[in-house]
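Undergrad: Protein chains in written order, with the numbering used here: chain A, 1 to 113; chain B, 1 to 115.
Be careful, since some hints might not be right.
Unchecked claim - Rough simulated footprint, nothing fancy, chain A against chain B, three-plus residues with beta-carbon under 8 Å: (1) 44-54; (2) 104-110.
Unchecked claim - With a cut-off of at most 25 Å between alpha-carbon atoms, the simulated BS3-like pairs for lysine-lysine come out as follows: (3) K7/A / K102/B; (4) K65/A / K102/B; (5) K42/B / K68/B; (6) K42/B / K58/B; (7) K102/B / K58/B; (8) K68/B / K49/B; (9) K42/B / K7/A; (10) K68/B / K58/B; (11) K7/A / K65/A.
Bear in mind the hints are in silico, worked out from the structure with no lab data behind them. A virtual CB, placed ideally from N, CA and C, is assigned to each residue, including glycine.
Each chain is listed here by its residues.
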Amino acid sequence: SAVISQKPSRDICQRGTSLTIQCQVDSQVTMMFWYRQQPGQSLTLIATANQGSEATYESGFVIDKFPISRPNLTFSTLTVSNMSPEDSSIYLCSVEGRAETQYFGPGTRLLVL
Amino acid sequence: AQSVTQLDSHVSVSEGTPVLLRCNYSSSYSPSLFWYVQHPNKGLQLLLKYTSAATLVKGINGFEAEFKKSETSFHLTKPSAHMSDAAEYFCVVSDPGTGFQKLVFGTGTRLLVSP
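Could you build the full structure based on these sequences and the hints that come with them?
TA: Here you go:
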């Protein structure tokens, strides 16, 4: 299984600012995924990030709000831009392993005031 | 489109009694199904997965799930609950989408275990 780390683990931010979340994997992976988990809710896929190409966003999520970088096969970032209190969530990255299994990072807990 | 329905938002059991967390799926073809667990302030951990092999799937920590196509169900069970099992459990279906594995999560079931 892959070992995934995320930074920061949590943050409190002011509305109107932006936060960049980092995701690091201990092995090279083709696909990385970013999810959002709003308070008391399930996980929703934000986008899929392939190395060397533009991220693919799910319905309801746009690049201007959630720009993603994927500079190499072990790293990705998600930026939450122009934040509002509605962006308060846990943001998780995951990678696709063998046999259709996804492994998740520990998450970044974001509170926007 | 693939989807899963978790029938209970909360399940309460006593330590040592059986656990049943219910999940029904909707799929236009043979699905891949998963159960993930999320402990408080922790990340998601894969409990078990079904990918068209044996219909009874054994996972970690004594959990197992049975794929029943006729009932479109994939219920999670454990013979005897432990206090450490208290967590949020997600039933998940894989949607092949556009060539990658897109996971569709259920709404989650919170398992409460009392002494």
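Undergrad: Each hint: holds or not?
TA: To see whether the hints hold, each was checked on the structure:
1. Given a C-beta distance limit of less than 8 Å, the hint that chain A covers the segment 44-54 of chain B holds, as 5 residues qualify and 3 suffice.
2. Restraint check on the segment 104-110 of chain B versus chain A: 4 residues with Cβ-Cβ distances below 8 Å, three needed, restraint holds.
3. About 24 Å separates the Cα atoms of K7/A and K102/B, which keeps this hinted pair within 25 Å; it holds.
4. Among the hinted pairs, K65/A with K102/B is consistent with the structure: their alpha-carbon atoms are about 21 Å apart, no more than 25 Å.
5. About 31 Å separates the Cα atoms of K42/B and K68/B, which puts this hinted pair outside 25 Å; it is violated.
6. For the hint linking K42/B to K58/B, the alpha-carbon distance of about 23 Å falls within 25 Å, and the restraint holds.
7. As the CA atoms of K102/B and K58/B are separated by approximately 23 Å, the hinted pair is consistent with the 25 Å bound.
8. As the CA atoms of K68/B and K49/B are separated by approximately 14 Å, the hinted pair is consistent with the 25 Å bound.
9. Note on K42/B and K7/A: the hinted pairing holds, with a Cα-Cα distance of about 14 Å set against a maximum of 25 Å.
10. For the hint linking K68/B to K58/B, the alpha-carbon distance of about 15 Å falls within 25 Å, and the restraint holds.
11. A threshold of 25 Å between alpha carbons decides the hint, and for K7/A with K65/A the separation of about 19 Å falls inside it, so the pair holds.
The earlier numbered hint that this structure contradicts is number 5, and it is the only one.
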